[in-house]
Amino acid sequence: MGKNILEFKHVGKRYDENVVLRDINFGVEAGKFYTLLGPSGSGKTTILRIIAGFDQASSGEVLFDGQRINDVPANQRQVNTVFQDYALFPHMNVAENVAFGLQIKGVKKTVIQQRVKEALHLVRLDGYGERAITAMSGGQRQRVAIARAIVNRPKVLLLDEALSALDHKLRVDMQRELRQLQRQLGITFIFVTHDQEEALAMSDQIMIINDGRIQQTGTPVDIYDEPLNHFVADFIGESNIVPGVMKKDYVVNINGQDFECVDAGMKPNEKVEVVIRPEDLDITTVDKGELKATVDTQLFRGVDYQITAHDQREHEWKINSIHKTTVGAQVGIVFDPEDIHVMRYNESEEDFDARLDSYEEDED
Amino acid sequence: MKRKVAWGKVYLGLVFVILYAPILYLMIFSFSSGKTMERYHGFSFQHYADLFADSRMITIVINTVLVAVLASLIATIVGTLGALAIKESRGAWRNSLLSLNNVLMVSPDVIIGASFLIFFTVLGIRLGFISVLLSHIAFSIPIVVLMVLPKINELSPTLVDAAYDLGATRWQALSRVILPAISPGIIAGYFMALTYSLDDFAVTFFVTGNGFSTLSVEIYSRARQGVNLEINALSTLMFLVSLALVIGYYFVSKHAGRRQRVVAVKEGDAQ
Chain A
3 MGKNILEFKH VGKRYDENVV LRDINFGVEA GKFYTLLGPS GSGKTTILRI
53 IAGFDQASSG EVLFDGQRIN DVPANQRQVN TVFQDYALFP HMNVAENVAF
103 GLQIKGVKKT VIQQRVKEAL HLVRLDGYGE RAITAMSGGQ RQRVAIARAI
153 VNRPKVLLLD EALSALDHKL RVDMQRELRQ LQRQLGITFI FVTHDQEEAL
203 AMSDQIMIIN DGRIQQTGTP VDIYDEPLNH FVADFIGESN IVPGVMKKDY
253 VVNINGQDFE CVDAGMKPNE KVEVVIRPED LDITTVDKGE LKATVDTQLF
303 RGVDYQITAH DQREHEWKIN SIHKTTVGAQ VGIVFDPEDI HVMRYNESEE
353 DFDARLDSYE EDED
Chain B
310 MKRKVAWGKV YLGLVFVILY APILYLMIFS FSSGKTMERY HGFSFQHYAD
360 LFADSRMITI VINTVLVAVL ASLIATIVGT LGALAIKESR GAWRNSLLSL
410 NNVLMVSPDV IIGASFLIFF TVLGIRLGFI SVLLSHIAFS IPIVVLMVLP
460 KINELSPTLV DAAYDLGATR WQALSRVILP AISPGIIAGY FMALTYSLDD
510 FAVTFFVTGN GFSTLSVEIY SRARQGVNLE INALSTLMFL VSLALVIGYY
560 FVSKHAGRRQ RVVAVKEGDA Q
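The listed protein sequences correspond, in order, to chains A and B.
Just so we're aligned, residue 3 is where the first sequence starts under this note's numbering, counting upward by one.
Just so we're aligned, residue 310 is where the second sequence starts under this note's numbering, counting upward by one.
These are calculated hints, taken from the structure and not from any lab test.
You can take every hint at face value.
A few chain B positions that, by computed beta-carbon distances, are all more than 10 Å from chain A:
| id | residue |
| --- | --- |
| 1 | Leu321 |
| 2 | Glu347 |
| 3 | Tyr349 |
| 4 | Gly351 |
| 5 | Phe354 |
| 6 | Arg365 |
| 7 | Leu382 |
| 8 | Phe438 |
| 9 | Ile439 |
| 10 | Met501 |
| 11 | Ser530 |
| 12 | Thr545 |
| 13 | Leu552 |
| 14 | Val561 |
With a straight-line cut-off of 30 Å between C-alpha atoms, the simulated DSBU-like cross-links for lysine-lysine are:
| id | chain 1 | residue 1 | chain 2 | residue 2 |
| --- | --- | --- | --- | --- |
| 15 | A | Lys320 | A | Lys290 |
| 16 | B | Lys460 | A | Lys107 |
| 17 | A | Lys157 | A | Lys34 |
| 18 | B | Lys396 | A | Lys107 |
| 19 | A | Lys320 | A | Lys250 |
All C-beta atoms in this analysis are idealised placements derived from N, C-alpha and C, irrespective of residue type, glycine included.
All chains, please: the whole structure from these sequences, using the hints.
Structural data, given as structure tokens:
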């Protein structure tokens, strides 16, 4: 565990009557890639703007390197931002844009030239210095914006929906490059996005934000495999969420049928929600299936078939299978105990983590 | 279809002939050796010689240009800052500021001129260069605001955030990012104010007083005694100067346009 470079303590934000953030608490370790993930209007961009200093927290404390920075203006923070629309200065060429921050700080001309050259090299734009901003493509502008931010050697780099204006192929390329750049520079990145694939692909840590609250924090694998609540399970990836009853530890009842699972630590007969990812379900013959269902639709998506089916209790199941079936066919659905993830209603993140720790220790 | 196009051209030609005929008529007679415009008396530069010998007229031309250049310069500075302030203001306050600005644009010059006359008289300011300059600045400011404000509205708000983010102070953000980015609007506002100031008659007429005059007021007062062909000569010169300015502006903007087209092509390549 490194030390926290940035910390939010009970931060709230309201505009007049409108509450945007409620009691946000988190710590950011130096040198890692963090992603704030949430739907639009969830408050994730507000968190970024509070870190950058463009907005002030209405309550709570923001600490940077252990110092309270609530009242430090944006231009004195050791943080730089890559904006969603890049916000490049249209009257300056590429090199002038990148040099802007250094010029403001009064760095020597020869040093500026050297560092601008290095920064452009890092984003693979060697030789583009004299170009006008209008002569650059979307992806190139994106790189200029990144170069302009990292040339100042900030301790934390903020990226606000930085890739959302690019087309899909370019975006995937840039994801890889950004991740590589972050490792190379060792700067803490805080990336804001509403794109869950992007978040899963790039991050060390993801913070899921909804309705002004942090819903869950964790590694991409943790969040995908062990979502805390309905919102997270639904927002990250595709999922089948069905109501169930926890009979006892490691046994959950769905639709009156008992299944073995790997979750524990709940009250006997507690009502729960069960999450099974569509790719964990597979189609088989009726007699081999754990559940029996009728196929409603089937879409071929290249890598697999996206199938929807309903069981005898009219629950709809999403199944991603590499095996083809036919619409209207009676099929069996199979899955393994470890594919089942059980979520309690209204469980806090602390309780969730404690519960997981308690029975995972038992297993060890 | 072809017929329609032809009629359109005829109509267009007719409009231009009607628009330019009086000016052409006036220009031709500036080269006449006669004293009136009743008949053409044969070619002569007599009226031009008279004009350059008329030191009062030359003084007035210089005064007019001086007032216009100074007034539009000051109005540009005040108007640009005003537009920035309007952009910063919020809600009802912003709307009222904008409306107050627009009321000045649409209210008749005669009313503005008369109210300035009363204003200066009450304050005890002597009518002359200063009163004309002040009133020209005043009526030019709303013009500048109207030219600059759309450019400010076009600016992405993140541009200013980006400047702060990179360490700029408020002043540096203004001088290095905002002002250069809106400079086309500022320049347009300046030239608009310049033309308004150069040919203003109504407001100026009220506040000139004795001993100071601008071109439009002077021509008006001379015309009342029967048009002297010296005025024709002056008008011809002014027309040629403005024609040269328009052609110059055309070439400058065409050059800029070509550069932008090159840029557009490059952008296509880059994709």
